[in-house]
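Novice: Let chain A serve as the given structure and place chain B on it in line with the hints.
Number of protein chains: 2
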Amino acid sequence: MLRNIEGTGVVVRTDSPVKGTVALVSGGGSGHEPLHAGYVGKGMLSAAVAGAVFTSPARDQILTAINSVNGGNGVLLVIKNYSGDLMNFKLAEQLVSTSGIKVSHVVVNDDVAIKSRENRRGVAGTVLVHKIAGAKAEAGAELDEVKKIAERVISNMGSVGVALSSCTNPAVGKPIFTLGENEMEIGIGMHGETGVARMELQDADKIAEMLYRRVADDLELKRGDEVFVMINGMGGTPLMELYVVARKICDLLESDGIKRFRAIAGNFATSLEMAGFSLTLLKVDVEMKQMLLAPQTTPAFPVLV
Amino acid sequence: MLRNIEGTGVVVRTDSPVKGTVALVSGGGSGHEPLHAGYVGKGMLSAAVAGAVFTSPARDQILTAINSVNGGNGVLLVIKNYSGDLMNFKLAEQLVSTSGIKVSHVVVNDDVAIKSRENRRGVAGTVLVHKIAGAKAEAGAELDEVKKIAERVISNMGSVGVALSSCTNPAVGKPIFTLGENEMEIGIGMHGETGVARMELQDADKIAEMLYRRVADDLELKRGDEVFVMINGMGGTPLMELYVVARKICDLLESDGIKRFRAIAGNFATSLEMAGFSLTLLKVDVEMKQMLLAPQTTPAFPVLV
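Chains as they are written, first to last, in my numbering: chain A, 1 to 305; chain B, 1 to 305.
Okay, chain A solo, but in the shape it has when bound:
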């Protein structure tokens, strides 16, 4: 169960602060629902901080979140690799550190559309960091252990997205970019950032294969590896179409001899009403698999068995 701290944009577990466990705090701009508040609950985030649409939350909001959930065993901040988020989360980290709270952070940069690792944006894979690090924290691990598994997830994960339409920030009132009726944009970000290539629309199987090759190559997946699959809708794409994509991804994995641990398809990290989807693959190890299957009580993460 969740509690909204009125007027702050912060949502926390009602049982906060939980003594004896590491607290996990994440956040970012609004417009990505159910990210981030949808992942607050036992076994995932302790608190989520929401900025305005596509805008980093302010330092003081993040401070409110940290102070509300700190149970004495430390706080891990899960930051996506955007300059605004980095600046405000790190400022908050510095401030609470001086007051004696044990705090650390990880930076999610799973968007393999961008070649240089340091410039890679954090996108839908962030949800899997929340799940796995959250389960580790819930199990009573220390801050450095929770941070370590979060970093292992980040370095074994890749995502790439495709847009069939742009999206409209309500504060602006017109689409961020425009796409022709028969065009699509590969490698888009979560905020209507243009992608790395624009091309003629193709059928779902072909698009799925294109994204799959890009992520699989980046992760250097090879026969015998095992992956967790997330097909993420960008907001305006119906589930039926996500399932068509999921089927193709599962077929491709099978023909490449790569084991599928579990696959989920749904709207996990959206860009307002954008049509399109992203593919995230996470190369899993034994501990990650345990953490993925650990129970959680959040509004938006599906039951995994």
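Note that these hints are calculated values from the structure, not bench results.
Accuracy of the hints is not assured; some may be wrong.
Note that identical chains are pooled: a pair holds if it fits in a single copy or bridges any two copies.
Calculated cross-link-like contacts (lysine to any residue; reagent style SDA-like; alpha-carbon spacing at most 25 Å) [unchecked claim]:
#1 42 <-> 169
#2 19 <-> 96
#3 42 <-> 143
#4 248 <-> 7
#5 174 <-> 118
#6 206 <-> 285
#7 102 <-> 285
#8 115 <-> 240
#9 174 <-> 195
#10 42 <-> 247
#11 248 <-> 67
#12 42 <-> 290
#13 42 <-> 262
#14 174 <-> 200
A quick note: this is a predicted structure, and the numbers were derived from the prediction, not measured.
Specialist: Coordinates of chain B only, in the frame set by chain A:
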């Protein structure tokens, strides 16, 4: 975990048939994803049967489902009130009855847009029948008890939907109806059936209030009643907008003195890529609340705590 019975359109629990419990079977046309296969799992459906897009499954498909999950304690069919579904599910019921399988059915007709109860369509509320009857079956209840609680859910539940756009059956290739840029259609069905009123587009709060009044009046809700709330996206509406609607519905319940047991918002029973949403209210009693909170392991129903 689920098993797809290749070539039949039937998805069952991998542990089927489960001895000693009543099996729950539902289904209908495709295009409503995650309905119905997304609700197969421990604590909900035993099997889901999918027809072509917006087309009832055939009798033989339903027979396959029943025969695959019957564990000896009987089978309850959850049918939505459409002529094709009624005909095929009842034909299957008659056939298996003659072979000695204990089987019965309930008919879901939660769409309060239509005045006459016998003509009311089964829409998103079907998911709550699956949840509550499924939990009752999982708890080991007999067929007549499972049927009884399913019927109690049906007679205490109302839904109504609004469309901001039509949807396109892929087999046809053009929208089923057309709506102007500034028009909306109230009381639409799940298959692109036109609604009961077309009117000028209004803001989300006003639409939410209009739908709320219609359902609350139909259920004759009064101060002190307690309801479960489902805000259901029709496929093309982003979650952020569903949350805006959910907030308004919660405010309205509060000002009417009606208790909110739990509220969920998401894409639970869609109409392909239609933009719009539906509101379902279920007047809950103690047993229904227990069954709603009972654990389940399906891909699409959210964790409730």
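Novice: Which numbered hints are broken by the structure, listed smallest first?
Specialist: Hints 1, 5, 6, 7, 8 and 11 not satisfied by this model.
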